[in-house]
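Take a look at the letters that make up each chain.
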Amino acid sequence: AQSVTQPDIHITVSEGASLELRCNYSYGATPYLFWYVQSPGQGLQLLLKYFSGDTLVQGIKGFEAEFKRSQSSFNLRKPSVHWSDAAEYFCAVGSLYGNKLVFGAGTILRVKS
Amino acid sequence: DSGVTQTPKHLITATGQRVTLRCSPRSGDLSVYWYQQSLDQGLQFLIQYYNGEERAKGNILERFSAQQFPDLHSELNLSSLELGDSALYFCASSAQQGSSTGELFFGEGSRLTVL
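So the protein lines, in turn, are chains A and B. Converting from the first sequence to the working numbering requires adding 148 to each position, the first position being numbered 1. Converting from the second sequence to the working numbering requires adding 67 to each position, the first position being numbered 1.
Take the hints with a grain of salt, since some may be wrong.
One-sided and incomplete, this derived list gives chain B residues near chain A with beta-carbon spacing under 10 Å [said to hold, decoys possible]: (1) Ser69; (2) Val71; (3) Ile79; (4) Gly83; (5) Asp96; (6) Gln104; (7) Gln111; (8) Phe112; (9) Gln115; (10) Gly125; (11) Phe136; (12) Pro137.
Calculated pairs, SDA-like style, for lysine to any residue (alpha carbon to alpha carbon, straight line, at most 20 Å) [unchecked claim]: (13) Lys197/A x Ala162/B; (14) Lys197/A x Asn172/A; (15) Lys197/A x Ser69/B; (16) Lys197/A x Lys76/B; (17) Lys197/A x Asp68/B; (18) Lys124/B x Tyr175/A; (19) Lys209/A x Lys124/B; (20) Lys76/B x Lys209/A; (21) Lys76/B x Gln193/A; (22) Lys76/B x Val181/B; (23) Lys76/B x Leu204/A; (24) Lys124/B x Ala234/A; (25) Lys76/B x Ser187/A; (26) Lys124/B x Gln150/A; (27) Lys76/B x Leu148/B; (28) Lys209/A x Glu170/B; (29) Lys209/A x Tyr175/A.
Rather than coming from a laboratory, the hints here were simulated on the basis of the structure. For glycine and all other residues, C-beta sits at the position ideal for the given N, C-alpha and C.
Bound-form chain B, shown alone (with noise of 0.2 Å):
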């Protein structure tokens, strides 16, 4: 058990949907990262959120939001939903910004289906 927790572990859901993806990082961990996995993409860093605040930016659509709320928790908000966003979703987490060990750790993911 890694200590973070990502909900739903499952979802299914229509195109042109919007849904919410949420995570609870590691006690005391500052940064989220999102991450997308596809057999097509493999995994794709979306965003990383430090003690509240955006810091980086990988291959986010612009459909797709996040936030991370004053209690560390972190949303990743994914609308107008098409075929190809079917995906994992893993959320990891660090104690702080790049973290001096560069380990992160990870939750285990939500599985998005859009049919």
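Extracted from the complex, chain A is given alone in its bound form (with noise of 0.2 Å):
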């Protein structure tokens, strides 16, 4: 069965910093990850996604993931945080003609000016 762990609750950085998140997943096939923003109040946005190809994929507001194999990971990164991107972060697996997603606990991004 598929499973997602994010390994860090919480995590807090200063504005311009760079980020990373950190998601392992476990699935027996090629998996299909995503990474999905929360922000209060709101529902989930997609940052980005891989299926295959190119083992760095660029997503929107300027993150980026790296997917690897070997590790069974798939971290988020962004080289400059701003204020704005203080949210929930849920790394996510699928796969090809599967049914639904599975989440990660997720990972809440506190940014301090």
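Both chains are given apart, each in its own frame, so use the hints to dock them into the complex.
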């Protein structure tokens, strides 16, 4: 069965600093991997996704993620964080022809000025 | 704006009551998914419908049921409500079953509070 682990429940970074949010997945076949962001009181918005090909994927809002099959990881990065990036971030795994996405527990990002 | 519409946005009710949450998927999307988000359980998949038929079930309680209508909107019915049912309920849609892109588009959720 698919599963996703986000080891960090909370992360605090200073505005302008770099960010890396960790995600490890468990899936027997080739995974489809996603990062979603949820701002307070809002739904989930897709930041980026990986299906195949280049293991470094670019998303919206300056985010990128790297798929590392050997480590079963799909970490999210941003070189310079803005105060508006404060939100909860969810990593998810799905599959081709799969029926659902399985989400991690989420990482709450706080940005200090 | 994802194009997925959920109503109501907020709902407060008492234990033992029954409520219905409604979801209109993005135009043209055939699949609808329901997720429950709570502090202790995180985002849990409840159920999926594709073009009116149930296709996958997750951690959905027997007190809960859903359906998808011919116009593709979906309703999630929650009955005999308990305090622990208080949560944010999300609807998501995708273009086809599973979708070759796997991407789900989420509504803003319906926040249910059971008192």
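Pairwise hint evaluation, Ser69/B against Lys197/A, where the allowed Cα distance is 20 Å at most: holds, 16 Å
Pairwise hint evaluation, Glu170/B against Lys209/A, where the allowed Cα distance is 20 Å at most: Within the cut-off at roughly 18 Å; holds.
Pair hint outcome, Lys197/A versus Ala162/B [Cα-Cα no greater than 20 Å]: holds, 16 Å
Holds or violated: Lys124/B to Tyr175/A, with C-alpha atoms at most 20 Å apart: holds, 19 Å
Gly83/B as an interface hint toward chain A, with CB separation required under 10 Å: violated, 28 Å
Pair hint outcome, Lys76/B versus Lys209/A [Cα-Cα no greater than 20 Å]: At roughly 27 Å apart (the allowed maximum being 20 Å), Lys209/A and Lys76/B break the hint.
Holds or violated: Lys76/B to Val181/B, with C-alpha atoms at most 20 Å apart: Distance ~14 Å between Lys76/B and Val181/B Cα, so the pair holds.
Satisfaction of the Gln111/B interface hint, Cβ to chain A closer than 10 Å: At 8 Å from the nearest chain A Cβ, Gln111/B passes the 10 Å test, so the hint holds.
Pair hint outcome, Lys209/A versus Lys124/B [Cα-Cα no greater than 20 Å]: Distance ~34 Å between Lys209/A and Lys124/B Cα, so the pair is violated.
Evaluation of the interface hint that places Gln104/B against chain A, nearest CB under 10 Å: This interface hint holds because 9 Å falls under the 10 Å limit.
Straight-line alpha-carbon gap Lys209/A to Tyr175/A, limit 20 Å: violated, 28 Å
Status of the Ile79/B interface restraint (C-beta, 10 Å, chain A): violated, 16 Å
Of the numbered hints stated above, those contradicted by the structure are hints 3, 4, 5, 11, 12, 16, 19, 20, 23, 24, 29, listed in ascending order.
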